[in-house]
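For this one, chain A is given, so just place chain B on it according to the hints.
Protein chains: 2
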Amino acid sequence: MPKQVLEQLETPALILDEARMDRNIERMRSHLRRLGVSFRPHVKTNKCIDVARRLLETPQDPITVSTLLEAEYFAAHGVKDILYAVCIAPNKLDHVMALQDKGVRLSLLLDSMETTRLLAERARATRRHFDVLIEIDSDGHRSGVTPDASELVEIGLFLESAGIPVKGVLTHAGSSYDCASIEAIRAMAEQERAAVVLAAQRLRAAGIACPVVSMGSTPTALFAEHLEGVTEVRAGVFVFFDLVMAGLSVCRLDDIAVSVLATVIGHQHEKGWTVLDAGWMAMSRDRGTAKQPVDQGYGLVCDLDGRPLDDFILVGANQEHGIMAHRHGKADRALHLPVGTQVRILPNHACSTAAQYGNYKVLGPGREITATWQRFSGW
Amino acid sequence: MPKQVLEQLETPALILDEARMDRNIERMRSHLRRLGVSFRPHVKTNKCIDVARRLLETPQDPITVSTLLEAEYFAAHGVKDILYAVCIAPNKLDHVMALQDKGVRLSLLLDSMETTRLLAERARATRRHFDVLIEIDSDGHRSGVTPDASELVEIGLFLESAGIPVKGVLTHAGSSYDCASIEAIRAMAEQERAAVVLAAQRLRAAGIACPVVSMGSTPTALFAEHLEGVTEVRAGVFVFFDLVMAGLSVCRLDDIAVSVLATVIGHQHEKGWTVLDAGWMAMSRDRGTAKQPVDQGYGLVCDLDGRPLDDFILVGANQEHGIMAHRHGKADRALHLPVGTQVRILPNHACSTAAQYGNYKVLGPGREITATWQRFSGW
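Residue numbers (full-length UniProt numbering), protein chains in the order written: chain A, 1 to 379; chain B, 1 to 379.
Honestly, the hints are just simulated from the structure, not real lab data. Model, not experiment: these values are computed from the prediction. Even for Gly, the Cβ is constructed at its ideal location relative to N, Cα and C.
Restraint-style ranges between C-beta atoms, simulated for each label pair: (1) A:376 <-> B:33: 36 to 44 Å; (2) B:33 <-> A:180: 55 to 63 Å; (3) A:29 <-> B:98: 38 to 46 Å; (4) B:29 <-> A:178: 42 to 50 Å.
Covered stretches of chain B (in silico footprint by chain A; criterion: 3 or more residues with CB under 8 Å from a CB of chain A, positions within the stretch not fixed): (5) 83-89; (6) 276-282; (7) 311-320; (8) 329-343.
So here's chain A without its partners, still in its complex pose (with noise of 0.2 Å):
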């Protein structure tokens, strides 16, 4: 088959820039070793086998889900080892259990007395075995039990004795995405490191193992000093990055691996807009960034290599429009980009973003489409 490039695509078109998809990798991954924990990536973001292959050095490895056809897709490409990081409602044990049958030894979450009765319950009239970690809550951002809450050890207590032995504890401080500072993400990290190792801590008192202390996101992964007594982290947006994690300065504009491809289908001249054909749909409904310092309308757009036009970004989207436009609104500081010029756009949030979309267009080097990588949506 002949070579395809950019400029042949239809538009609009998810970019993933393989060279900085691997750099972003290999930073997580060398951090992460230099800290001694594990890594267990989470999916969720690429939800593409081909990406996973890059993230994974064995098919041994473990990985992190969001939904249960996560979990379904990845075991049929091999993976075994998978936590589902939501926790378990009891009308997904079924499907739970057909996983099982299918090979896969796949961890649940839970974080209430409630839902381990339910659980409890259900192992004992199914006779099957439940691998189970206990979510903690470390920042009060949704869901957990907190470090010293009586019915973290209640819990726990209760597992053993129905014969659920507690495989470990796991949190997810989300509120490192609103920190202000990177300072402020060492200090979250440490907030979570501290929660997760003392809900272990209370666990092995009262006498429960916990071998696994699970933590992470992209930002505390990252910037964590030292991880004592942790033993896994997951993260998932870190391979592709955005401009979310860039306005936290996780990350740099150009370390941003995912762009929409976009054309320029007409103007308001007088308004200094350029109409594009990546409206809300191509880009997802995120605003991620207006809560940032800088807010970034839509996406920030860029040229065919993916420079920054500096300060234009859409400023609005329909559902198949874009408008694009100079970021402080001057009608006067327009670019004349004529109709069928294409663009690049940076996302606020890869993981909505990169949803909206059925693939990748993996793009090499010289503006070369190398491969077409799949990705799957829905539950």
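Using the frame of chain A, we list chain B on its own:
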């Protein structure tokens, strides 16, 4: 196959209430019949042939699409009269010609002399016929030439001289989504009508036949009082409706035909939070009600029969976690829904929420799931 009921679905799932959908379609159809205009439904909201079959009286009926993939898909299901309602970019013309070769009568849109010249050049080079409409800007919302612009007639004359007859003029009053009252929507409908009719009159005065005069958005289509001079109306979201439309008083809450089925997976009792397995991936990141008088967060929570749990909304969302709480943050007013309880969540925006799913679970009487209808995504 034994009947499946709502409670048996794994969550999250997209539920489509068939009776509500049919009622919504009949409402639009009878209104437009009264106004004496033909209907070219927009299928961007549903992206599903089973829904489109309810919308169309015969497969020969016309449709509106927002992507060429929609054109491909509906053409493969026998629909041939298709309007691609986004201004055409030169790099899509090969695809357009491939669709023509499959027997599709695809109408294209443009709004500038720049695109007109590019298209005329391509028509000459390929000896192809293109059906072209000129987009009119009736509300300053995004694309189009204003109806009084000299460029409008210039485009028309250039097209005709290049042997490309002007099929018509088209406008979309996207600003109707920002109207504060039904009175304002009626005024917007009249503004939209007057603009597109003026554009047609100016072209006709210049000797251009301009047979098609097309307008539409769900609010203006439903509340237009007369449509003199208009030949066809386009609208899409009315099939499902959503919280944004209900916030505009365009529909009632119990007209909303799509909802997300979710399961309670945990609680943070002291905060009044109920954690659900439907986060922004299940709801989309759309926060369309944020600018309305009643902000519905990421969605309004209902019981399994679709009755709103008054004042309980998704106040926050992570990728696969939704946080349900009292809309005014009253922790003492929390509902205590046990883990495993299923709820249904009405979405802000049907187009963006439905786009997160590969199918609709069609809800019939008595919580019965009568069918699974596939839908597609991408470009």
